[in-house]
Amino acid sequence: MRTASIIFTVFKGHFKAWRRNKTTLFWTLAFPLLLMLLFGGLFSLQSDKMDLYIENNDMNQDSPSMASLRIIQLINQTDSFNIEDDEGNLEEQIRTIVIPKNFESRLEEGNSSIKLIMDESHQTFLRTSSLINGVINSMNVENQGVEQPIVLIQEQISSNDISFIEYFVPGVIGIAIMSTGIFGTIGTNTKYRKNGVIKKLATTPLSKFEWIIGLVLYHMLIGIISTIVILTVAVLVFNINIILNPVIIILIISGALTFPGLGMIISTVVREEEEADAAGNVVTFPMLFLSGTFFPLETMPTVIQAIARILPLTYLNNGLREIMIYGNYQAALWNCSIVFAIGIVTIAIAMKVTRWTDL
Amino acid sequence: MINNIVINIEGLTKTYDKSTAVDEISFTVNEGEVFALLGPNGAGKTTTVEIIECLKTPDKGKVEVFGIDLKDKKKQNDVKRRIGVMPQNFNAFDWLTVKENLEYFRELYSSKVSTDELIDRVGLRKKMNSMYKTLSGGTKQRVGIAISLINEPELLFLDEPTAGLDPQARRETWNLIRELKEQGKTIFLTTHYMEEAQELSDRILIIIEGKIVAGGSPNELIENYGGNKSVILKNCNKKILEDRGIKYETDTENQIQIIFDNNEQLFNILSAVTNDPNVEIEIKKPNLDEVFLNLTGRRINAEGLAK
Ligand SMILES: Nc1ncnc2c1ncn2[C@@H]1O[C@H](COP(=O)(O)OP(=O)(O)OP(=O)(O)O)[C@@H](O)[C@H]1O
Ligand SMILES: [Mg+2]
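Listed in order, the protein sequences are those of chains A and B. Residue numbering for the first sequence follows the working numbering, starting at 1255 and increasing by one per position. Residue numbering for the second sequence follows the working numbering, starting at 709 and increasing by one per position.
Honestly, the hints are just simulated from the structure, not real lab data. Misleading hints may appear alongside valid ones.
[What the hints assert, rightly or not] Quick list of in silico lysine-lysine cross-link-like pairs, BS3-like style, CA-CA up to 27 Å:
1) B/K820 x B/K834
2) A/K1355 x A/K1606
3) B/K848 x A/K1270
4) A/K1462 x B/K764
5) B/K782 x B/K764
6) A/K1445 x B/K835
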C-alpha cells in the first residue's frame, strides 16, 4: 500500500513535468504528428495513379484486336492508371481488367463484356469502377447502332493491399513510443544524476525499484496519450480505418517497458548530459529505418531483414499494424508477446544495472 | 550531563580507484549539538557525510547512527526515516513548484508535516508557487533545507549549505540553522567557511586530505592552535616600551606588535601607553583562520581552496 502510493507520487511528478515542459511535449506529440503529416502528405500526392493490370485475351493471330486496343487506349486516356502487363498472379494484383476472347466479335453481336477483378472493400474500388464504367460508356457511345452495349462484370478477390498512410500510422505510433521512452529516460536519468536529484531521492525511503516502476507507468500513460492523438489526427486528416482493440494497450505497455528500460541501461554508461542525445540517436536511428516503419521489410535486403528481426521496434510496429489495420488478432498477439518478453527482460536488466547509491 | 551519542564512527576509510578520500577517521556526534566538519576542497567531507547518510559504502570501519550499524542494509531504511539530508549542490525537481516539491517528498515519507507551516518556517511563502527552476541560488538552498525537514528528522545533514550565497542570504541561512538547533535538532554541517564553522558550531573537526588534524569547540581550537594574542600599537614611542622592558616586534615603520599570554601582561602594556593620546590600540585575538594556518601552513580562500 505504501509502495503503491510512493510509486504514484513518482508517476505524478513525471507527468506534471511532462505537461509543463514544451520540449518534451514537442517530442512526444508534435514531432510524430509532423512526421505523419509530412510523409503521409508526400505519398498521397505521389500515389495519384493506380496500378492496373490488363489481361488481354482477344487476339487475332498474335496481335490484339482493334476493339481491345481501343479500350486500352481509352483507359490510358483517363490518366488515372499505370497500366501494367498481366503477370498472372491475381492475389498480388490489386486491380486487374480481363478482356475476354471474342471481345471484338461479341461487340458486333452486342453482348460483349469486360471483367474487373478487385476487392470491393478496397478504398479505391469506387474510384476504379467508376473510371472503368466511364471508359465503357464512351466505348458504347462510339458503337451506337449495336443492340446491346458492353457491360462491366466485377469479380471479387480479397486483397491485403493497404495505402502508404495506413501502413505508416502504426509505425508513427511505434516511433513515438520508442523515442519518448529512450530519449526521455536517458535525459531525465542523466540530468537528475548530474544535478543531484537522484542523490536526494536516495536519502529518502524511496527505493530504486519504486522509482523505475513510477517511470515506466508514466511512459505507459504518455504512450497511450500519443497514440490517441496520432490516431485522431490520422482519422481526421487521412480518413483511414482503424480497428481498435485492447491488444493495442498491451502493446503500448510492452513498449513502455522496453524502451525506457533501454534508456535506463544506456544512461548507466552515459555520464554527461551532452552525451545523452548522441547515445539516444545511436540506438534510435537504426531502429527508425530498419524496423519497417516506412516500408515493408519484405522489400528490403535479407541482411536488413535479419537485423530487423532482433530490433524490438519491428515487433511493436508489426503488432500495431496487424491489429489496427489488418485486424489480425493472432499475428498481433504473437508480436505483442515478443515485445512484452523483451520488455520484461530489459526492465529487469535496467533494475539491476541502475545505480541508486555509490554514484 | 551524559551526552547521547547519535553518530559513532570508528576507523572509517573510503578509497576511490586509487586515491584515499577518507583515511581511518574516528569521531562521535552528540545529540543536540551542531557539529561541523571543516576542511578545504577535496578534504573528504562529502564522502564522510554521504557514508553516514547511507549514500556510499565504506571500504573499512564502523558507522553507527542512532546505535544502528549501517552494515545491515535492511536497517538503513530505519535510519533514512529519521535523518534529513541536504546534499552538496542540492537540486529538486525543476518543473514542480516549491510547494509541489515539498508535497512530493512528504509523500515519499508518508509524513504528516504541514507543508504550509514548513513554508512559513523557512520563509518561502512568497515563492511557494514558483517553479523550482526559476528560483535564485539562495532560495533553492532554502527549499533544500525545507525538504530536509519534511520528515521531522532528529538528525539533519547540511553539506555546504551556504556555498555560493551572498552575505545576506548566508546570514539568513545561519539564523535558520540556529533556530533548528534551538528546537533540539542535531545538526551535522560541512563547510569550508571558517566563519560559518565558528559562528554556528558547538564542535568542529578539521579534516584535511581525508585525515582529522584537530577537533574541539571553536574556543578550544583557538586556544590550542590559534597561537598568541597580540596588541597592535600605532604611533607609539618605542622608548616607553623599552623603559618598561616590554619586548616588541616592529611590523611596519609605524606599527608595533606585542604578543601577550594573559591579562596581567595586557594590563602592563596598556598602562605604558595610557598617557599618550596619539597611540592607536588594537587587540588581536586569533580566529579559526589562524588555527587552520598554524595547523597546515595554508589558508582557505572563499572558493574553499587551501593556499
Ligand atoms: N565518485 C568519486 N569518484 C572518484 N573520486 C571521488 C569521487 N567523489 C570524490 N572523489 C575524490 O575524493 C576526494 C574527496 O572528495 P569529497 O567530495 O569527499 O571532498 P569534500 O571535502 O567534500 O570537498 P568539497 O569541498 O569540494 O565538497 C577528492 O579528491 C575527490 O576528487
Ligand atoms: Mg563536499
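Exercise for the section: Could you tell me which of the hints above the structure violates, numbers in ascending order? Expected result: 2
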